Amino acid sequence: MPYLLPVFYGIVIVLVLPLLAGYIVLLERKVMADMQARLGPMRVGPHGLLQPIADALKLLIKEGIIPAQADRWIFLAAPLVSVTMALLAYAALPFGPVFQIADLDIGLLFILAISSLGVYGIVLGGWASNSHFSLLGAMRSAAQLVSYETAAGLALVSALLLGGSLSMKSLVEAQDQAGAWFIFFAPCGFFIYLVASIAETNRAPFDLPEAESELVAGYMTEYSGFRWSLYFLAEYANMIVVAGIATTLFLGGWLRPLASFHGHILGTPIEILDIFPVIVFLGIGGYCFWRAPRQPVQIQKLVMVLFGGLFLVLAMVMFGSLFVPAAMPGIHGAFWFIAKVLVYLYAFLWFRFTFPRYRFDQLMKLGWQFLIPLALTNVLGVGVAQVLRQQLGWNAFAAFGLTLLATMGVAAWLITLGDRRDRLAAAAPAGGD
Amino acid sequence: MTDTHIERVPGVSSTVLGADEIILNMGPQHPSTHGVLRVKLKLDGERVVESECIIGYLHRGVEKIAEHRSYQQFAPYVDRMDYVAAVSNGLGYCEAVEKLLGAEAPIRARVVRTILTELQRIASHLVWLGTHALDIGALTPVFYCFREREEILKIFEKYCGARLTTHAFRIGGLQYETYDGFEEEVKRFCVDFEHKIDEYSTLLTENRIWVGRTKGVGILSAEDAIALGVSGPVLRASGVAWDIRKAMPYAAYDLYKFEIPTAPSGDTYDRYIVRMEEMRQSRLICLQAIENIPAGPIMARIGKVLKPPPGEVYHSIEAPKGELGYYIVSDGSTQPYRVRVRPPSFINLQAFDRMARGSLVADVVAIIGTIDIVLGEVDR
Amino acid sequence: MGTAPIALQYGFFYFFAGLAILCAILMVCGRNVVHSAIFLIGSLLATAGIYLQLTAEFLFIVQVILYVGGIMVLFVFVIMLVNLDVASRQRQFNKQVWLAVLLTIVLGGELGLMTHVDGSIFNSVNAPQALPANTNEVATALFQTYMLPFEIASIMLLVAMVGAVLMAKRRGA
Amino acid sequence: MPLENEFVTRLKGKFGDAIREAWIDRKQSILVVDLKELQTLAHYFRDEEKYDFLTDLTAVDWPKREKRFDVVWNLYSFARNERLRLKVHAADGESVPSVIGVWPVANWMEREAYDMFGIRFEGHPDLRRILLPDEWQGFPLRKDYDILKQDQDWVRENLGIESGQ
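Just so you know, the protein sequences line up as chains A, B, C and D, in that order.
Note that this note's numbering has the first sequence beginning at 1, numbered continuously upward.
Note that this note's numbering has the second sequence beginning at 434, numbered continuously upward.
Note that this note's numbering has the third sequence beginning at 814, numbered continuously upward.
Note that this note's numbering has the fourth sequence beginning at 987, numbered continuously upward.
If you are wondering where the hints come from, they were derived from the structure by calculation, not from laboratory data.
Note that this is a predicted model, so its numbers are computed, not measured.
Each hint can be trusted.
Among chain A residues calculated to face chain C with C-beta under 10 angstroms, some are: (1) PHE110; (2) SER116; (3) GLY126; (4) ALA138.
Built from N, CA and C at the ideal position, the CB exists for glycine as well.
Work out the full structure: start from the sequences and follow the hints.
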């Protein structure tokens, strides 16, 4: 039954994703709290572990308000568009060598196309709310998405040149064969994509569409309850998608670090990496058990023990799968994929709590005058390096090092150029018009 | 009084669309107007052509209240003006009444006043820094700032029992002796605080986005600043090295060495730099003062009932936001005949129009933040 | 996909085709410009679905990325920017309605005649089942077989773009 | 204590009767000048005597006096590091010349003085209430302003109940 497995995967994703998004929000709040010298959510469940569930329940039973002046049907449909597109993109995302709904020949293009449709949810929602804040937020969002999609797409092209395919699966396999992740070949491409993907998901420091000090909540201003949570889910789902794309294209997808050292059970010292997931889960589980008696309330102790047990089970699954060659790549691949996605998302959070917000014109300037030219240079450079390596037999290190240097040089030049332009612009209206 | 927020999308000149100037209303309920300030902006596209501040939403008639209270009774009211820097308000009022009486607080009282006022200046600047950064989208500094401010408020609380509206000083000196361990706590705070300022600095000072958002925004030239009566850090950031603590020393400022930080260009970034440096200087003043608090009485002999001889006095101090002046007229009775407060926020806010003209709408938020207003003081 | 039963294939085809036509009609008849735009998007997506069914994946993706994700976003953007309240108040059907009816009849008759007289026109090409990796083939066609026309086309587009920018700038100055 | 120094004699020599009184109160110099000459004096003080910073502008109400208002300008000179208090006496309804042209900072201060005392400033471009609502009745900082009556009227009008005060 070839149709059944993808359907099963699809159901798993639709069911698990909201939960995952909820826990990423918790993670975000915890990371934010840590960076800001606070504790973060601590009340609902031990260390706030049940907070996402409480939040979800609250949102579900909240009254959904439809403004009287709103365009009713579009107002109702827009969040659905957003969340549908966000979920559809998962169809081509490989969580592991096995866990992928459809290995499309054009997988990457599919994901890009679908996530570019997500902007309709935002634009239509903002328009249908019939509020200035919403409309303006939607406009900014659309303009931002369209501009940064170009930069992001160009950044991805450098990985495509290296991988020679559009299929997500073969891109990962290409990295396996190349012996190193593409981030080492095209670091500039990766960083351009990192910045562009933050902008594309409307996260700080590019969160102008929902800048609360200027636009209240942007396109979500008039939404509440369930529909608001759909937007929220779409935002986090999109974050996971862009993180998944970056992971697949630049960070080696489901591959373990040092993936070319094959082998399974404790042969060489390098195989310690195969035990790594087990150690991580054991550590988390152990911490949960250690903290459990210190929780103030009986039920929190119980929850803590349950979480500890969950992680112990996961550790056992990880350990057990080491001895089952058929299951090992799938399970461990999924672990590494999710771990890399989380690391990528951590960078998102880190940026968010470190940087102030760009002004809209600065944002556009960064996109059009810095990232896009740089991405073009990068694509050109990677292409040249490929030719040097394949046709002229250069050492990969030399070829890509040269590219990197050239791209960095262009970046520095662009920065000085931009600064000079800014100085000139600042000098011009200073006289007052 | 709706909060309609109209704006054009950049890149589209409004003339193309046939629309001329747009009136944009911010506040009085808006997350980044720092209270109940309402700003009416006239826009040409994204540029501000003209602006008008509409104030008075928090007017309580403090000056009228003063005429119906005795001198001592009015003292707690001044804390409610600039509630972010209540200690400074109290200092100005107490010293003004002392001047009116012809009395002077004992040296010990003056030194303790200096320490507490400088701590208050740090606390006030911390609130400014946190909220200003938050307006520009930096989420984290506000928590760091409030963490340190909490330490200062704890010192206040231990000293006089209140954190925000402290009423720390009395006319003629101090009500309370310093508590045990006061010196050590202030010293520990000041020593630690050096690294904390560096911490804020790392987050912002050389951050490209921060510099991009603040440099060249809301420029106020020195001539304009003087003509518009601007004082405090805003004036100093325009290059005028004028600080009442140096120019006309009060309390115990003549005993300590400190610098007046200035900056050349009078933009938002310079005001940021000046205030950061001021915190460092305040810390140094505290450290000098705490080394040697003279022994002696803490209250001058002025009697229980205050009946200043008829006449008038103007006394001003360098509050965190600028020149805070009290003009008190006495008719010889126990109640002031007239109390006029010269509020720094009110006067500095008047310069907003000059700073905002020609800037982008998104900069308005930054400019409001950089003036450092407290609406309680603007509206009184 | 090639293995799907023929009935399913027909079902999908009629679904997409019907959707495309329905959306197109609604787009023309709608009074609200934004609604019209949405129906146009629906029509484009349905067409993309037909492409997908023909296993022309690359065409499908291009349709979605370019038309729906790119051009239509700009359309919607502009529509929202210039508030077109005026259009919704105007009469939608003007005096050319009879001409339109006439043309429709002529066109329909023509189509019917052709299929009736010579049925071979419309089923001359039998799409091979499951084209192998047609992205590669598109690339080969564009960059090897038809390299010159492709490059000429792109240069013309570039010229047009630069010209448009120049004209817009001059008017602004 | 009357103020008699070189500065005052210079002023008196220049402006004669326009300088009505000069005295020192608690080490602060106070100058009462003629209302009509205020504009000239303001320009003179700013340009010649370098009192370039108008610190404060306010008023005091003395209802028993014939000219009931003292309008007070607090000047400061950066160059001399000195303050000077300028006063004029104004009757109710009498216009005081605006000094916005000399010290632009006077704009809001004059509006506030108008708001609180009802003193009109001649030549002010936009003399409206600033702190109180536009429709406010009376001028609160006048000594004969009955705060309770105002409150009762307001409560009756806006809330439709008798005031609790």
